[in-house]
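There are 2 protein chains.
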Amino acid sequence: MDLISGFGQSINVAQEHAGLVVPITVFVAVLCLCLVVGHLLEESRWVNESITAILIGGISGICILVLSKGKSSHILRFNEELFFIYLLPPIIFNAGFQVKKKQFFQNFVTIVLFGVVGVFISTFIITAGSMWAFPKLGFLGLTVRDYLAVGTIFSSTDTVCTLQVLHQDETPVLYSLVFGEGVVNDATSVVLFNAIQKMDGTKPDMHRGLLVIGDFLYLFSTSTGLGVLVGLVTAYVLKALHFGRHSSIRELSIMVLMAYLSYALAELLELSGILTVFFCGILMSHYAWYNVTESSKITTRHVFAMMSFIAETFIFLYVGMDALDIEKWKMNKMSFQTSMGIYSLLVFLILIGRAAFVFPLSAASNLMNKQRTRPLTLKRQIIIWWAGLIRGAVSIALAFKQFTYSGVTWDPVYATMITNTIIVVLFTTLVFGFLTKPLVSYLIPHTVNERTNHQEPKSPKEDASLPLLSLQESIASNVELAKSSLAMFVERPAYTIHYYWRKFDNAYMRPIFGGPLSNRSEC
Amino acid sequence: MDLISGFGQSINVAQEHAGLVVPITVFVAVLCLCLVVGHLLEESRWVNESITAILIGGISGICILVLSKGKSSHILRFNEELFFIYLLPPIIFNAGFQVKKKQFFQNFVTIVLFGVVGVFISTFIITAGSMWAFPKLGFLGLTVRDYLAVGTIFSSTDTVCTLQVLHQDETPVLYSLVFGEGVVNDATSVVLFNAIQKMDGTKPDMHRGLLVIGDFLYLFSTSTGLGVLVGLVTAYVLKALHFGRHSSIRELSIMVLMAYLSYALAELLELSGILTVFFCGILMSHYAWYNVTESSKITTRHVFAMMSFIAETFIFLYVGMDALDIEKWKMNKMSFQTSMGIYSLLVFLILIGRAAFVFPLSAASNLMNKQRTRPLTLKRQIIIWWAGLIRGAVSIALAFKQFTYSGVTWDPVYATMITNTIIVVLFTTLVFGFLTKPLVSYLIPHTVNERTNHQEPKSPKEDASLPLLSLQESIASNVELAKSSLAMFVERPAYTIHYYWRKFDNAYMRPIFGGPLSNRSEC
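Residue numbers (the working numbering), protein chains in the order written: chain F, 14 to 536; chain D, 14 to 536.
Just chain F, same shape as in the assembly (with noise of 0.2 Å):
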């Protein structure tokens, strides 16, 4: 049957297609519950609007379960590509979209540090633990692959909850270095996942080691070019063709669809979605937006926003419905002592997982980067730990793919293992998430006034004289350079290519590519 068939089908669809759209208005109308109560919880103190569709969804959960006579709690039955194809896309997109590019790029290396290199610690400590406890708390039956797999599970970061905390005004660097370790950071995951699927039983050596490696640098590499080309195309015929003549709903059009369209590319490709799609939303605000009408302007800035708000409040709903899941928890075979045993080690690996690579590559940071006017302070990488906590659906995702076959498991190990991620979601996300508003305002209590002082390097004048100051301080460099020859090797390249790259963008990709000529812009 195909579209117009389809067409013909659903006419009298409250008659014929009661199953879908009983779902789709309990969900819509949940939605919208979720939205006012989030509005009215805004002052809180306390919770956020992750923690309040969680709720929700576990309320609306126990209600289904009650009307349903304890068979379900869950009213949607979704096909299977909705997560991938529909919600995680505008997410990503937005990020890229709203991310404020100075910030970004100046502490890219940072950002790959946590994200990649992160990644690959965070993975080898949670599965050499639960390698190791696992069976002494009597839960067997988990193959080195498996371990592998729970490793990246478990690895997988969600920020969404801290970024509703901290904000970009306020805090740049460690705004930037938390959303931008998020992104960097998912993509990871999903990219370690997906070679460790590959792998075949046998245990990993060296020689994998590398292919994973190598895998993962040309998957990085070609995710990144298919986005920024994506994002020159749609800049260039925007330009070109001056779509904003006609009518302003064309050039929305062409925007939303061109950045869908760099999602469904990659994913035909075989690359990352993930990270096509967010260089796209960079390339998109920095060339292609400067050639839209002015209401255009304002139109993308919010809908983008909008659609990426609709997409995680439906998603954290959907996790606190599927929490009460029964099928699942009828088929966890384990006593309740090891249940918890089981639960308690995940979450302390996890904590113990990120601080290993949070607290060295910190303090590797701020080594290399000595002529940074605000260091990672012990309290900032307090947070930038605490932040990276939270476990969210990318990771109840890869449970189910791992672990699953479309969704169904008779194996009771197996059936365990997407208990525990979900309740390692759940209580992350409630627990560490509740905790975060009061942490922040606790560990940077005078944010408005860091704001005022301008202490961080947020104005865009402070942009603008760096390349004078990279010329100025070349002596003082050079007395420098004795002393910590890494971090110059690392942090006056990222300056120097920031500086070159500026020049190039004003005398060549500006001119074909829209946007301003000034140093202002790029923030």
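Worth flagging that the hints you see were computed from the coordinates, not collected in a lab. The beta-carbon is built from N, C-alpha and C at its ideal position, and this holds for glycine as well. Don't take every hint at face value.
[To be verified] Counterexamples of contact, computed for chain F against chain D with all Cβ distances above 12 Å:
id, residue
1, F133
2, G154
3, E183
4, V186
5, H220
6, G227
7, S234
8, G238
9, V241
10, M347
11, S348
12, F349
13, Y455
14, L456
[To be verified] Among chain F residues calculated to face chain D with C-beta under 8 Å, some are:
id, residue
15, H52
16, M271
17, A277
18, I311
Dock chain D against the given chain F, drawing on the hints supplied.
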């Protein structure tokens, strides 16, 4: 499998769901192409967006046919609900949201005459004509119910094409008539079609006819009521809770979700979702729109238009692609002559079926609106007649519902009816659509002059002075009373209701649901 399982299953989309990623990529790419080509052809006198999309769809179909070595011409196999659950609601909601309400309600009686009475007349003529002529052409095998279905299938108009040519600011009365009729007509056709499907095979009698009309009136009023209710609730929530205070994203999301909720609720309650979402759109633009922040006002206007635009282009693209579906053509057993005879007959019946109500009802409308500054001249009647000749997605949807089971049919007679419908849709869209621009510019060449001369009652000032006029003219109208009591009965109430409604709106509705109190706010 539920949502979460879906998360997991589709991570490596490219490997497991190449069957879905390929068509989505191709479709989005072709949609982008349509937008670019549509933009380049904007100045053209002959083509418009719909025709461009159909032609590009046809060309894509040929490419796919060649690439797949004659196996298939369409790449996307959709779920049944695609059209009625995802594509139609944004189109109709946007229609309601952007309509100029003053024009729409001042012409409400005429619109309902065309949209409701017209469909009944047209259905009767097409049913009778095909019942009489089909057997003479050698096309046998349809029951009475099938013939009635044929009547409604070919009575649903597609005014998208025409509305791209007419301009709301230049010819407001004509635009609101064509536009309003289009919406009411869609709803009427679907409701009438459903009523006919419920009939048993026996011959229709007077009693049954009255039942159908009663059913129709019930659906019309309840669907409208539901749309109004959801629109008012949205406006009240936005006003009472000051959503814009915290973020404009949340108020945007609420508007989009509530709009969709109105449609879903209507389908759930077995009402007409089309009517509900249309009136919800009107109410939202009348009240809710005034309760949001300035940037949300701009964003909503554009985002609803964009969603509608993409959905429309998508439908036309698909119709073009589906026209080459060789499966359906193979089953058509009729000779070329017979086929051509049937196509010509159907197009002829559409022409006279529409003429049979447009000209008499226009005359009736002129009679009722003697004091109207600008009556429906013959030229304008011809445009109205022409505007509704094009058949589109709704016709195809209804045909598939009647003549296939989940898009598949093994009955050669039914397969022939499907190809007949596709041919008529293509012919009317391409040929009639092609001639619309030249016809309109031939019949009303000085649309811009009209606009500057303010001959049509379009400025808010005229509207504001309306209650005054109705008092002064009361003596004159008493004289007229004897001459045309029918006209008075229909016309005066319309104006009086409009007047009292505005008083009521300013006194009670606006303060509760939002919006400026001035009389000028309505258009």
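Against the structure, the hints:
no. : hint : result
1   : F133 : 19 Å, holds
2   : G154 : 19 Å, holds
3   : E183 : 16 Å, holds
4   : V186 : 24 Å, holds
5   : H220 : 23 Å, holds
6   : G227 : 18 Å, holds
7   : S234 : 18 Å, holds
8   : G238 : 17 Å, holds
9   : V241 : 18 Å, holds
10  : M347 : 21 Å, holds
11  : S348 : 25 Å, holds
12  : F349 : 24 Å, holds
13  : Y455 : 23 Å, holds
14  : L456 : 24 Å, holds
15  : H52  : 6 Å, holds
16  : M271 : 6 Å, holds
17  : A277 : 4 Å, holds
18  : I311 : 5 Å, holds
Hint compliance for this structure: every hint is met.
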